[in-house]
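Asker: Take a look at the letters that make up each chain.
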Amino acid sequence: AQKVTQAQTEISVVEKEDVTLDCVYETRDTTYYLFWYKQPPSGELVFLIRRNSFDEQNEISGRYSWNFQKSTSSFNFTITASQVVDSAVYFCALTRTSTGANNLFFGTGTRLTVIP
Amino acid sequence: KAGVTQTPRYLIKTRGQQVTLSCSPISGHRSVSWYQQTPGQGLQFLFEYFSETQRNKGNFPGRFSGRQFSNSRSEMNVSTLELGDSALYLCASSSGQVEGYTFGSGTRLTVV
Numbered sequence: 280a281q282k283v284t285q286a287q288t289e290i291s292v293v294e295k296e297d298v299t300l301d302c303v304y305e306t307r308d309t310t311y312y313l314f315w316y317k318q319p320p321s322g323e324l325v326f327l328i329r330r331n332s333f334d335e336q337n338e339i340s341g342r343y344s345w346n347f348q349k350s351t352s353s354f355n356f357t358i359t360a361s362q363v364v365d366s367a368v369y370f371c372a373l374t375r376t377s378t379g380a381n382n383l384f385f386g387t388g389t390r391l392t393v394i395p
Numbered sequence: 175k176a177g178v179t180q181t182p183r184y185l186i187k188t189r190g191q192q193v194t195l196s197c198s199p200i201s202g203h204r205s206v207s208w209y210q211q212t213p214g215q216g217l218q219f220l221f222e223y224f225s226e227t228q229r230n231k232g233n234f235p236g237r238f239s240g241r242q243f244s245n246s247r248s249e250m251n252v253s254t255l256e257l258g259d260s261a262l263y264l265c266a267s268s269s270g271q272v273e274g275y276t277f278g279s280g281t282r283l284t285v286v
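First to last, the protein sequences are chains A and B.
Numbered per the working numbering, the first sequence finishes at 395, counting up by one with no gaps.
Numbered per the working numbering, the second sequence finishes at 286, counting up by one with no gaps.
By construction, these hints were calculated from the structure, which means they are not laboratory data.
Among the hints, erroneous ones may be present.
Claimed, not checked - Which bits of chain B does chain A cover? Going by a derived footprint, with three or more residues having C-beta under 8 Å, they are: (1) 205 to 217; (2) 221 to 234; (3) 274 to 281.
Predicted, not measured: the structure shown is a model, and the values here were computed from it.
C-beta: ideal position from N, C-alpha, C; glycine also.
Full structure from sequences and hints, please.
Answerer: Now the structure itself:
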């Protein structure tokens, strides 16, 4: 069974602080994909990153970075120098690699509030 | 490139009624998935359609159904609405491979 745990329900930071959102997953599959999505108040889920289970390289995209560690089944997301526009709910998700079984299993999300 | 379009944006229905929600995927995408988001249960998978065939189904009662047309547009239907069906319904479009899912803005359904 697939499971994603985001233990942090809500986080508040002051603008320009760094913040890390935690994601721990469970799966018996050897091949799988992990995602992070951002959900602003408008409701749309905005795709941030996809990582497959064979690629443990960390990734940096501007102020965003992701740390994938298979040994601890974690896929954490760090925002550097946070901005008010980063305020949103962030979801970590998992899917197995299988033709026709491409549904996402989501964590419960972390609500990030960046205070100006 | 147009994104995923969901209509209507908001909907208010009465218990016992039925409702149909629509999703137009990104041009060229043949896979459409539906998710229900509620404060209590979070984001849950409803079903996925690919080339007009339901490929995968989540754990929802038979009152929830869907279909996909030849142009890849999809509809989901909920019959005999219950108060607990109040939720944000999100549609996701993809090319059918695990490369990423593009979500629409959702339809917020309120059942009174």
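Asker: Would you pick out the hints that fail for this structure and give their numbers low to high?
Answerer: none
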